[in-house]
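So the sequence lines, in the order shown, correspond to chains A and B. Sequential numbering from 26 applies to the first sequence in the working numbering. Sequential numbering from 802 applies to the second sequence in the working numbering.
Just so you know, these hints were derived from the structure itself, not from any lab. Check before you lean on any hint, since a few could be wrong.
Here are the computed lysine to any residue pairs in the SDA-like style, where the Cα-Cα straight-line distance is at most 25 Å [what the hints assert, rightly or not]:
hint	chain 1	residue 1	chain 2	residue 2
1	B	K926	A	D82
2	B	K929	A	Q119
3	A	K194	B	K986
4	B	K986	A	F161
5	B	K926	A	I123
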Amino acid sequence: MNKVVGSSAEAVADIADGSTVMLGGFGLCGIPENLIGALVARGVKGLHTISNNMGVDGFGMGLMLEASMIASHVGSYVGENKLLEQLVIGGKLQVTLIPQGTLAERIRAGGAGIPAFYTPAGFGTVVAEGKETREFDAQNYVMERWLKADFALVKAWKGDRHGNLIYRKTARNFNPMMATAARITIAEVEELVEPGQLAPDSIMTPGVFVKRIVKGEKYARRIERRTVSRI
Amino acid sequence: MALKDTEKRELIVRRAARELRDGFYVNLGIGMPTLVANYVPAGMEVILQSENGMLGIGPFPMAGTEDADLINAGKETVTELPGTSFFSSADSFAMIRGGHIDLSILGAMEVDQEGNLANWMVPGKVVKGMGGAMDLVASARRVIVTMEHTTKTGESKLLKKCTLPITGLKVVDTVITELGFFRFKTEGLVLEELAPGVTLEQVRQFTAADLKIAQGVKTWQN
């Protein structure tokens, strides 16, 4: 059992034009920055991406936008990216915005084999338009479908050659669900360790969900909003 | 009533903080609601939830100790506290959707007399997304809106009917503005308290929504 690949470039080598790709992260926190870099270097086109945000100008998924790699995107908030506004206004990019909890649960459902579920989020809003709604115990709910992808690119803190993963602090976010919801999950980690070095009780993503694991070449660990205390 | 914006915000936020209770799990929205954390009454323990996957948000870090892996839902660097926990976005919204969050405090562009809330689409601007707002307002046990009473051009933000696309249908429990403290009851939107120095006539003048006045309405003391 050895899922380790030698480089980020090798890890993403078979991602074809037009693939559906999930990318972990919240803002710039916990994004697969090396795998994104490798995808941009390959110049893949027409991707359908699923990610909570879309990076910022010049970093994260912002680099994919600048390279015109994305045809459509599903996320919950895309407010940090000026280029994105221009692409949407110009009709070059189709963006679907959905509630963040619905996004998380649709991905979880995709990985767990649950084709649809009901949520109260968005009932009576534009989000519910065209969707089945139903009343349970005197409350209204919207039916939402699962989300799956061809590839999931996730970022973890530590991993082993089995694909077992541990995330760090709020860099966990969407990564664990995405790891379960794609045909091929590729994990990049800061530290690649030997099997047995991760305590079995602490493993957050069991290796079964991960097809490839790579040690990220370089981490910028960019902070989007640096806020500090004065005293 | 010639309060500066910062004074208005402090007035609103301090009143909102009085709705906290010991042991509450609370989600604070980006902007003015975040400031509520500065006014948690002494001796009270309130756990702040951040929908990106954290319970127990601490203050901003000291310069030089910022951690790129430790941010709040506004993408600002924060710190841990003793008892902090981290979890996935799915678990985070399970605790929200499952009704485990006692209180959600967030801002609004419009609230109408039915308790409908609009706070995610700005007219004439590219839509940025609702983030976690729709999930929070649909499922938190109590939703408090903190907002300035009027727009920059002086129009009431408490309306008969929302004009902007809504975030949630009949979801608001309480609205706190620099003019008053309002609650949605079975009989409608009720003014329960006046802000310091504000008269009933002023509230009426700047409120477009149909308004009931609670019996013996008093002025709150911050």
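Do the hints match the structure? See the list:
no.	hint	result
1	B:K926 x A:D82	19 Å, holds
2	B:K929 x A:Q119	13 Å, holds
3	A:K194 x B:K986	41 Å, violated
4	B:K986 x A:F161	23 Å, holds
5	B:K926 x A:I123	18 Å, holds
Figure legend: structure checked against the earlier numbered hints; the only hint not met is number 3.
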